[in-house]
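A.B. asks: Keeping their order, the protein sequence lines are chains A and Y. Mapping to our numbering: the first sequence position 3 is 14, numbers consecutive. Mapping to our numbering: the second sequence position 154 is 165, numbers consecutive.
Any given hint could be a false lead.
Note that identical chains are pooled: a pair holds if it fits in a single copy or bridges any two copies.
[Unchecked claim] In silico SDA-like pairs for lysine to any residue, Cα to Cα no more than 25 Å straight-line:
{"id": "1", "residue 1": "Lys13", "residue 2": "Ala134"}
{"id": "2", "residue 1": "Lys13", "residue 2": "Glu136"}
{"id": "3", "residue 1": "Lys13", "residue 2": "Val135"}
{"id": "4", "residue 1": "Lys47", "residue 2": "Thr26"}
{"id": "5", "residue 1": "Lys47", "residue 2": "Gly67"}
{"id": "6", "residue 1": "Lys13", "residue 2": "Gly108"}
{"id": "7", "residue 1": "Lys47", "residue 2": "Glu17"}
{"id": "8", "residue 1": "Lys77", "residue 2": "Val25"}
{"id": "9", "residue 1": "Lys47", "residue 2": "Val59"}
{"id": "10", "residue 1": "Lys13", "residue 2": "Asp137"}
For the record, the hints were derived by calculation from the structure and aren't laboratory data.
2 protein chains.
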Amino acid sequence: MKIVAEPGVPQVVVTREFRAPRELLFRAYAEPFLVKRWLGPAELELVVNQLDPRHGGRWRWTHYDKAGKGYAFHGLYHGDPTPERIVQTYEFDHAPGTVYLNLITFDERDGVTTLTQNTVFFAVEDRDRYVAGGMDRGLRASMAKLDELVNRLAEEAR
Amino acid sequence: MKIVAEPGVPQVVVTREFRAPRELLFRAYAEPFLVKRWLGPAELELVVNQLDPRHGGRWRWTHYDKAGKGYAFHGLYHGDPTPERIVQTYEFDHAPGTVYLNLITFDERDGVTTLTQNTVFFAVEDRDRYVAGGMDRGLRASMAKLDELVNRLAEEAR
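Just chain A, same shape as in the assembly:
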């Protein structure tokens, strides 16, 4: 997994390769029951409150810690999500007003799909808070679980 967060630029770009077709990665992002199986740090439980993957559709999910405290995010899909790309606005309930935009692309070549997550913010300070808030740890855990999930789905499909 590669993370690029350049100084002075309100953006984070994450790339990672998966040995799976992009259709399976897309399903892992678009089907609530699958999202629940990989998204978020290992010690938090995810509840997908809403997930309507179409232009103007809303999404909302909450990460719960062991004490039952919830950390909810929500936003909208811009454009109909496809196995090529997903565009979503994001807002963390604990930081209302700090909105950011996320582009996820799935690029498949010879059975390997490169996932790119491109996130842009209105201010470098917003980006820095996002990175400081455990992004790296959460992403590594999420991507490892996503890898496991799409491999399992690929096996089941064989």
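Using the hints provided, position chain Y relative to the given structure of chain A.
C.D. replies: This is chain Y only, laid out in the frame that chain A set:
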């Protein structure tokens, strides 16, 4: 009017002051009949096809040149627009897939409202195309018409 577009940063920040209360500026952004009176270059006619200023609401407008050729933009509102701030996704029909996010804030002090338009893109190249596509000219014309409009609305309200 001040425009900041730093090299290597996928962002444009525009600021301008108006001698009018922010409620009037907000109305000029949120009411289709008023939007039509100021938005866009002087030589193009604006048709507001859709404008639903609430969280998840859609907007769409088309600039028509004298030959009748249309240039349409569309997107979604993230969060309910208020006289403090408006957050919108944007996409130009002639550049499908190039989505960007716009934050407009209205900051009023002593009868003067500072409008800030903060636009972020997924790539510096997208920002550069946006700037090269006549942004400066269009913005200057729009802001001058907006100034005239809010001054007239302020006079009518007296």
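A.B. asks: Checking each numbered hint in turn, tell me which of them this model violates, lowest number first.
C.D. replies: 7, 8
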